[in-house]
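J.: The residues making up each chain are set out below.
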Amino acid sequence: MVVDELDALREKFDGCDTLAFADLSTQMILVTNSGSTLRREALDNLCAEAALVLGSKGDPALGQNPTNQAIVLNKRAARIFVRSAAEPSDALCCICGPETDIAGLTAEATACLDRILANDA
Amino acid sequence: MSDLSALAEKLSALAGDAGDVFEDGARVIANGDGRAPVKAILDAVDDTVLERKLRVEIDGKRIDLIAAGRRLRGILTADGASGDDQSVMGQVLSREEPEVVAAAGKMINNRCAGAKRITVRSLPPDPFGVGGERGISARGLAGLWDVAAPEPAVAETTAEPAEDGGAMAQFLSSNAAALTATMHVNNGEMIKISGDYKTLQNIWNEQVLQFRKSHSRFLDPADGPQLVCLEGALENGDAAAMAVDGDDVALMAYDPAHLDQMLTSWRSLTS
Numbered sequence: 001m002v003v004d005e006l007d008a009l010r011e012k013f014d015g016c017d018t019l020a021f022a023d024l025s026t027q028m029i030l031v032t033n034s035g036s037t038l039r040r041e042a043l044d045n046l047c048a049e050a051a052l053v054l055g056s057k058g059d060p061a062l063g064q065n066p067t068n069q070a071i072v073l074n075k076r077a078a079r080i081f082v083r084s085a086a087e088p089s090d091a092l093c094c095i096c097g098p099e100t101d102i103a104g105l106t107a108e109a110t111a112c113l114d115r116i117l118a119n120d121a
Numbered sequence: 122m123s124d125l126s127a128l129a130e131k132l133s134a135l136a137g138d139a140g141d142v143f144e145d146g147a148r149v150i151a152n153g154d155g156r157a158p159v160k161a162i163l164d165a166v167d168d169t170v171l172e173r174k175l176r177v178e179i180d181g182k183r184i185d186l187i188a189a190g191r192r193l194r195g196i197l198t199a200d201g202a203s204g205d206d207q208s209v210m211g212q213v214l215s216r217e218e219p220e221v222v223a224a225a226g227k228m229i230n231n232r233c234a235g236a237k238r239i240t241v242r243s244l245p246p247d248p249f250g251v252g253g254e255r256g257i258s259a260r261g262l263a264g265l266w267d268v269a270a271p272e273p274a275v276a277e278t279t280a281e282p283a284e285d286g287g288a289m290a291q292f293l294s295s296n297a298a299a300l301t302a303t304m305h306v307n308n309g310e311m312i313k314i315s316g317d318y319k320t321l322q323n324i325w326n327e328q329v330l331q332f333r334k335s336h337s338r339f340l341d342p343a344d345g346p347q348l349v350c351l352e353g354a355l356e357n358g359d360a361a362a363m364a365v366d367g368d369d370v371a372l373m374a375y376d377p378a379h380l381d382q383m384l385t386s387w388r389s390l391t392s
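So the sequences go chain by chain: A and B. Those letters in the first sequence? Residues 1 to 121, per our numbering, in order. Those letters in the second sequence? Residues 122 to 392, per our numbering, in order.
One side only, chain B facing chain A, incomplete, derived with CB under 8 Å:
id: 1; residue: Q328
id: 2; residue: G345
id: 3; residue: R388
id: 4; residue: T391
Calculated directly from the structure, the hints in this document are not laboratory data. What you are looking at is a predicted structure, and each value in this text was computed from that prediction instead of being measured. Backbone N, C-alpha and C fix where the C-beta goes; we use that ideal spot for every residue, glycine too.
Let the sequences and hints guide you as you build the complete structure.
T.: This is the structure:
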């Protein structure tokens with residue numbers, strides 16, 4: 001189950017609040033971790049931000065290539081977006097505290113996304 | 122002698138060091154004695170308050186600079202200038218035209234390489250550029266050309282903050298080993314460029330404004346400074362990042378192996 005994967009990943013990282021599996025082509029959040037308290041509007045915004053920073057339809061918003069990994073860090077939070085290389089419309093969005101192990105969470109989120117897609121295939 | 126010329130000479134004399142050496146009326150600013158020649162020229166610019174033509178002779182070859190307000194407005198003429206050098210002549214230096222600034226720095230640096238004697242003479246100015254174009258401060262050029270900045274007078278240290286100070290400059294400095302290219306812009310004015318900045322300049326010109334506009338709907342002013350990191354965003358495999366702190370914006374290309382270090386640095390400087 002996707003939610004189990006998301007819950008397991010959230011448990012691994014202190015300060016991790018929300019994990020959301022998204023379809024960038026429709027800009028919809030499909031599943032979140034079970035403890036997420038984000039409202040629908042905030043989830044929609046999270047997905048729209050993912051589509052912007054990762055780039056869509058082969059067009060980067062910033063840079064020469066669309067990226068599969070983007071991080072937005074400020075003093076209150078970090079938002080991490082990872083996209084599947086195999087399924088470019090599938091992405092994982094994470095919200096965590098700024099002191100979270102961001103590089104570690106990013107790597108684990110990529111592996112988590114791969115597992116979700118492998119189990120879904 | 123006009124009043125302005127007299128005043129300029131008096132100011133120049135007051136700024137001068139008692140140990141200055143003069144040669145045929147020109148002040149010797151470098152003498153093959155290990156003093157950095159480009160810095161010596163920038164020091165001469167930094168000493169120039171009223172508009173003057175600084176006739177710099179590098180081992181007998183002449184470059185005429187127009188300086189005013191402790192800023193270099195541009196290069197008027199240079200002996201033997203050709204090719205790229207010629208394109209710099211008569212151009213007012215502006216941070217918005219980094220190619221011209223870089224070409225001017227390269228020209229002066231090339232001419233100073235291995236120089237045995239450099240002198241400067243302060244002369245009445247020739248017409249140059251448009252009145253409102255001020256050029257770039259000696260200290261700003263020191264940063265752009267990667268030479269040691271002129272030492273500030275004690276009074277200036279508090280009267281005028283360093284152009285490249287602040288959290289953004291500290292971030293760029295402390296992560297220099299990770300950054301392969303940078304552009305630092307403050308309130309629309311280029312503060313510093315480094316590395317192979319051409320790609321960043323294209324991104325800046327074509328994407329940054331639209332990206333910031335689109336991204337702003339997801340940002341809360343209370344969040345404070347933002348760092349956006351995009352892995353693999355550049356064709357050479359480098360990652361791209363944009364940092365925004367008020368009027369300070371930096372665009373960077375970086376080695377993704379240093380991501381964690383950059384995030385830690387940003388947190389410590391902005392939280």
